[in-house]
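Got two chains here, each in a separate frame; can you build the complex from them with the hints?
So the chains spell out like this:
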Amino acid sequence: MPPFGHELPEDETHLRHLPAREMLRRVLPLVRPQFGALATGLALLVVSVSAELAGPLVLRHLIDVNIADGDRAGIRTSAFTCAALFLTGTLANYLQVVVLTRMGLAIVTDLKETVFRHLMGLSMAYFDRNSPGRLMARVESDTERLQALFSDVAIAVLRTAVLFAGALTVMFIANWRVTLGIISCAVPLAVAAVYYFRWMRGFYRRIRVMFARISGFVSEYTLGVPILQIYGYEGEASRRLAGLNDDKMNVERSMVLFENGFWGVLGAVEVGAIILLLYLGSGWLTGVTMTVGTLILFVEYTRRVFGPLVMFSEQIGFIQRAFASADRVFSVLDTASGTPDRDGAASVIPGDWREVAFDDVSFVYEGGTRALDHVSFRIRRGETVALVGLSGGGKSTITNLLLRFYEPSEGRVTLDDVDIRDYKQKVWRARIGLVQQDIHLFPGTVADNLRALVDELNTDAVERAARTVGADSVIARLPLGYDEALSEGGANLSMGERQILSFARALVNDPDLLILDEATSSVDPGTERRLQQSVQQMLAGRTALVIAHRLATVVTADRILVVHGGRIVEQGAHADLYEQGGVYRDLFDLQFRKAATA
Amino acid sequence: MTGAVTMTTREHLAWLADYWRPHKTFAGLLVLWTVLSSAVAVAFPLVWKLVIDGLEAIPAGTALDNASLRRFTALLAVVALGRFIVSFYPGFRARMNLNIEKAVRERVFASILAKDYTFFGRFRTGDLITRLTDDINEYPRIAWFGCSGVFRFIDSASRVFFCVGAMLLYCNARLALLSMLPVPLMLWVFYLARKELSSTYSAQQVAVSKTNDTLESALTGIRIVKAFNGEAGQERRLGEILRERIGIQLKLAKLVAMVHQSDNVASRLGQVVVLSVGGLMVIDGTVTLGTLFALHLYLDMLVQPMMDLPNLFVSARQAFVSVDREEEVLRAPAAVRTSAPGQTNAPIGSVTADGVTFAYRDDVPVTLKDISFSVPRGSIVAVVGAVASGKSTLLRVLAGLIPAQEGEVCYGDRRIEGWDWPQIRSRLGYVPQESLLFSETINDNVTFGRTVDPALVRTCLDTAQMGDDLARMEGGTATQLGRGGTLVSGGQKQRIAIARSLAGRPEVLLLDDCTSSLDAHNEDRLWDGIRRECPGVTIFCVSHRPTTIRRADVILVLDAGRLVGSGTHDHLSRTCREYAEFLMAEERREHSCGFGT
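Going down the list, the protein sequences come from chains A and B.
The numbering used here applies: residue 1 is where the first sequence begins, and numbers increase by one.
The numbering used here applies: residue 1001 is where the second sequence begins, and numbers increase by one.
If we strip away everything but chain B, and leave its shape as in the complex, we get (with noise of 0.2 Å):
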């Protein structure tokens, strides 16, 4: 990908620290709550170093007192009120995860709203739902690490330091000291593998994705596998990667189970130590049972967090990918609109091409090449030419979808960029050649957000020939369409489509090649339907079909982006060879076996 985003450490936490503003509040009772948690994990020991050093007290043999007994019992009770309170903070972490997913997720989105036809070039789609999902809400990405992952660290931190804590102030101190040697030995032997582990997660990462290149690879190309009789060689190649992998896992199974032992280890051992020594310092009187079952319950509190403080950096780089590929698309540039509200409402008059030059991309071919014409209010135009001809382009850029590089498109007097945007927008209709609709219903989705009469969508409708269609649809209009609009046939996507440009009552209409799957007599009610319900409407359409393109006021004919001939059909039969060509080729067409593209 071009231009891709690479930011430093401290750009990525300032973008995400943008979305901790409106929750400052909330981060300070998050961190309360963090020590709040690492205290009550610290008391429940010392509870048990009292409770112990109470029965300690009393002869061997005899029952403990009811007075001490409700003592201990109400101390117990509030750890476990305590916990129970503080079980509730790692649900405070997902609740903002929560809402840095929806923040991030939702200014993507209002950005890619807003691009410019380039970036849908760069960009495909696939990978702008990964950035706009996985990208966000996987774990350890964005929306996690934003707020469980720095708290994560954060809540270990605090959880090493109050354990350590207790075991030098309230327990005895040596003996503290000593049962700790244990863990930097077992933290380095941990850091050790650490890079092995993650040498071998990498190799494994690779295994995996060599068997899902190997199985895509074979099962997208099963038909050259089998012409080819490669089923045996493909096999024999997955068993290869196979018997590498397993290997690599094993491996990979060894050291995890090898570090998972070695935070048992550290504990452990320490715990050896604290029953050696401070049992003979017991027996001498130096310390108590209680302190000593304290520190055996600390030591296996103690190693978790310890081990897990360096993840911090390890999901901190796989996060800052993640948000350097948001970045990337929202820098991506937005499509340059006018506002400038309170322009006039009188009719938009002619339309007119000047010089009218694009191409998608610096190193392809120019689409268009040096457009230039002019229609008057109330015209049809028919454009025509061959396959990538320029058609669908030409009518893009009176859109106002794609700029001219070179030249211009007027609507009226002024130049389609001098309008306000949601002015000029609302007084066109556009219905391109894939009819795109949405999964909403038939109704909303020929409204599409505008307060539209429901008498008016029904006579869209009705307009676009989709009438006869509706009645025998059992929801009508409020029919719900699948994905894509899908659970609809193509034409009456493409009806429902016409619909949609009609119900704003354009001015100017562009038709891009979206009335194939109406036949002449319906087509001929569509024109007649359009005439009437927009008078005065301009309509530039894109069309194979010699009735409708006879009828047109002005006919464009393009070949290879460049305007070879515009006028009327009578002229331009007798003038304009790539015309009768054109046409020729089309109605043989017409009247061989019904042939359509």
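Bound conformation, chain A alone (with noise of 0.2 Å):
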């Protein structure tokens, strides 16, 4: 779990509540498949819950006939058939639990799949809305809880079930009158728990709440650690988190009380139901004495049937939780993308396409931001144009409506005077190439990540992609070259290779179209150096979009478009851009001057 967030649960939080029959409608297709090994684990639990309570039979038997009759032999066939049973309930619970949690995960793992390839075809909105750290308790967390619905909790369910279900049956033929003592006994018992687990449910959500104000408070106030030693704040503070501990630990402590309390209800009355079979048996009531073994009996499925019945409302409250995780699992599966492909869209890009236009484009976030307020240029094939500007001025908006991350709310994006949405998205994507700041590379090695995972592409196209920007030098030097694992997030390799090798990728499938967004970050001047030549070498021949951080680029760029406040507010190239002395020109002293100078 992030250490971050500290949102409340999502249990809190969540709104959506399907009803119960259109949950299990939703729920059963994902056992239909598994539905032999549903059956052969239930005939197994029978099997096992039928051992179990044929065991204290045996042991009555043994007490009130073999001992009683001085019978040795049946003593023998009786501790053997209380072992032969033993032994068979043993392995049938074995295989049992071994068939459901192989029938549970084998769901869950399908369902886990459905959803991140779901996940995978949303749009970048929804991406923007949620959070990887909510989207991976989807994929994962949602889907845990949900196997434990198919495996753990249902058999423990059903276990209590038909344990109950059995044992009352075979203690009514035993002696119905103390059975219906016993149930009195333990019905009330169990409306109790039914109250005492809502009332945990309510502590714990409480607990959460002061514990989530607790991790609140210190990483704010962890965060301000300067301010509040300027301003003496420091005991204030400290006086602040003892009394949040204390708010927690005085709910935890009547939590734990409550808790105590109810546990040793259920054990002394758990003794005064075999005080009631007492009296009972021994026909103080009814005249009808009981054996020493129906004792014994009734000793041992009292103890057998008691615990259980109280757990059955707990396991009831993961079955809950469950289903609140399946709705949230179901909610992600129900959301359609945002950016669906057109009905006919074509899946040929022409190859002698001339010019890629941005067509009046205007473009509102979710939120209501606009960031790009009717936009028109275009870009030449062949021309490298750089996008300058401010952070926030909407060039990061404008790569994005280009790579159809999102769609235009105004105006369109054309290649030859086609819209760009008349093509499928997978196949215009193809003929781009992307290069971020963020450099992003994913577990695996150097050559799975060249590919980007798309496992289509040949060894050729990698290897000639690295030669042309000075990659292969880098990989060489790896002991593994192209099959070198990288470590998370590439820690085993410097800025600067990591730079290198996103270029690298953003060539292997050579595309007509590279959009570049170059790094911010320092980097000493040998590696910068290597960093310019690569770039070049990758702008070579090609049409590019640049978001411009390096004096080169933008001296050396066909065209520079200043982005500003969603408006283009200059274009040209550097000399006369300079030469005008407006925006452009701030910019550059602002941003490259430095540069300029050194």
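Think of the hints as simulated: they come from the structure by calculation, not from any bench.
Errors might be hidden in some of the hints.
[To be verified] Just a few of them, taken from the derived set where beta-carbon distance is under 8 Å, the chain A residues facing chain B:
| no. | residue |
| --- | --- |
| 1 | 72 |
| 2 | 224 |
| 3 | 234 |
| 4 | 245 |
| 5 | 403 |
[As the list claims (entries may be wrong)] So these bits of chain B aren't anywhere near chain A, every CB distance computed over 12 Å:
| no. | residue |
| --- | --- |
| 6 | 1015 |
| 7 | 1023 |
| 8 | 1140 |
| 9 | 1344 |
| 10 | 1349 |
| 11 | 1518 |
| 12 | 1523 |
| 13 | 1529 |
| 14 | 1532 |
Everything numeric in this text was worked out from a predicted model, so none of it was measured.
Heads up, the beta-carbon is just placed ideally off N, CA and C, and yes, glycines get one too.
In structure tokens:
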């Protein structure tokens, strides 16, 4: 779990609630392919519970018949029967766990893959709304909770039900009066248990909220320590944390007291039931006495039935939580992509296109922020166009629209006057190479990363791309070369090396159009020169749109678009723009002057 | 992480024992309670032994006499009462867990509050939060292990001891020993399975974290995935990992089921022994039926605590890792603060820097290099320079948050280190670039733990040009802010932070680029207000705004950590190239469509 979020657990914030019937309608199809396993598991469950219930019966026989008769051979037979029953029960129990667990794993693994596949197809706007952490929880922890529903919890609930029914039947046959007496003790407890677990959930929720307050407090104040020190607020901060700790501790103390009290009452009532059993069995009320064997049978059954009966309502709680998880998972599956392919979208991009154009494009993000305001420009084939401007001006939005991560709110992006939405997204993106500031390497080998996990791309293409930008020399230095596994985020490579790999990755598919968001992070001058070289090699003879942060890139670009406040305020070549002395000149002085004078 | 702490087991135990020191009596009580709980557990089968033997003594078919019935009821009632009482035992362990949780968290938090600047470069906030939360209160970390973990071991040991004792002493020793024969056998199987279990468990952890890595990298890198049409590849990758994981998880489930059954096996086989051998012995009259049933019950009770004993070592290992992590925080250096109460209340006078040099780390270039200046009391000093020229660092040095590594800062004729820290700090006001407000009311954010007259709070907020905003807020100064000061705009945050700095009636005010949200008119009013409310205040102000800079008595021009010019506007525009260029760029920026950084 990420330590930062400290939002309330979603159990509390999630509002959508599918009705139980609807939920079953959606959950059942997941189980259907596993019907055979389910049936086998249930059969094994019945076998194991029967064996468990038969044990005390044999014990009774041994006491009331064998021992009473002094039948030595009978004792041996009864003991062997016990052993046999027990071994059968154990085996059946084990097999049942295996069968149902395998079933649960199969169901949940399929579900995980389905959810992930669905997520991958959703539009970028969805990913803006939902943090990676939240989506990971959908794919991983929510489905895991569902798995509990299919295995552990299901097993426990079914087992309790079968055990309870079986024990009650046998007890009724043995002595129905006594059985009624015991039920009269057990039923109020079972009812109390429903309320108990409801109360406990209330406690848990309060404790979670208080804990969220504590972690929220420490994250907020840890971040502000210098200010606390300056204003002498440390003592007060410590006192406030102590207050929050106390609040949580008090609730937890009452909860523990309540919890222990309940289980204490349960333990005492169980003994109380046995006292009642003793009275009823001794013929105190009914005049009919019970044999010692039957008494022991009842004691054994009472022990086996009481606990599980009470736990039943806790398991109901688990099931409710699993349903809440299922609900969240289904709500992902119910989300449709915001940028679907148009009907009849073409799957071939003409090889001889001449220009890409933004035609009076405006874009408003979901929150209502207007990022682009009637922007028009064109990129002719073979041209390198640089975007410059302060951050937040709209540069990234332009590249996002070009990649079809979003669709324009107004206007259109065209390729030779054809709206790019008339091409399939995958086909369109296959013609684009992207280099981001945030390089993002995936876990896997260097080769996997250069292919961006598109396994169809062949090794020749990968190596050619690496050579073009000089990544081959970086890779040659790795012990396993292209097969070297990258550690998390590529930590075994330097910043510069990672950038060069990301250049190579963009070229593997030999794209028609390159989108390059230059890194602002500073590297040593030697690396800087090498990166510069790589960028020039990459851009040579290609069509490119560059969000420029390097002096050389702006100076050599064919055209510069100055983006400010969602508009293109100036455009032209460097020398002309600088001469004009407008916004560009200011920006240039601000961002590049140091490099120019260095 | 550099300087990671690894203590020995003895040190770990001593570390934890410290938290028990104020609770010695409680510890003794817990030990007693543990023994009582075992005694109650052990009593139940013995009562049964009495009951059944009592029943056996009367001829079959006759009812139990009332005297015996009452005696048995009384015995069972005592057991019931005992059970009820000892059921609170785990709760008392939990109470102590909570005490430890609270004490550790408060101790570590207090130590964080006193840390110096290097600390926050070394530890990420997220990691610190984990140390203040999960490391302490997650199962089986510090708080749980500190009491429950240890006492569960004691409890299990005492149960095993009592159980075996009762079986040997109060039942038939020979039959008891015979029935316990399968136990060591099963324990042996259990220990064998454990090794396999722990390696499979680790394999599952690895598989889960592989899943998470794949998910995380696909979701955080969704732009790259989509741009490169890598969706199918990601799906394939996840599929492979999940298929591999199924095998591991199934193996784990099998092992867990096996271990689970193995404790059953031990007790049930023992029970078969009791039934067969014991049954014959009952016929022979060597043991009573009551004894036989008591042994039967004991065998059910014995195995669970036996299996639980080795858990102590497993949970200890996990808890000690967390102890090390806390200790690492505790040992990190605290900021050096002088305490010299009773120093002069005379006005601070001039502010002087002499050769101040500072680098955040050894392996990066210095952020401040040989900065020297002196400004008289009551000056307005503008600090200007490009991004990353060292302006904020200079203000932090002046605020005493970071020490000059070479050279010195003097307030009046005394080095900042020579001042009594509470005294000098209360005479400074500092507003950082990021406003850093807290989830308290506006009023409390301004007073910030100090005793401030409500009228002054109002004045400070008005001076900071927050008055009109407050009038529009329903709650006024009682308005509650969100975490990190959210629920008000960035500009309002800046103004509240300025008010906070004014509420201490500072003699030196350090404002780090915090007036950007004010328009020129309001900024004029801010300066006038400050001068009026805090006569004689010396102001250091990082700013980009030409009008603000021009107004300053002294302008300090920083370039790459060096002071390249200081003096008045007129002086600098003639003599300092960097200043002239900076000002030109800023002025042009102001005029061209309101650029602002």
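- Query: Any of the earlier hints contradicted here, and which numbers?
  - Reply: none
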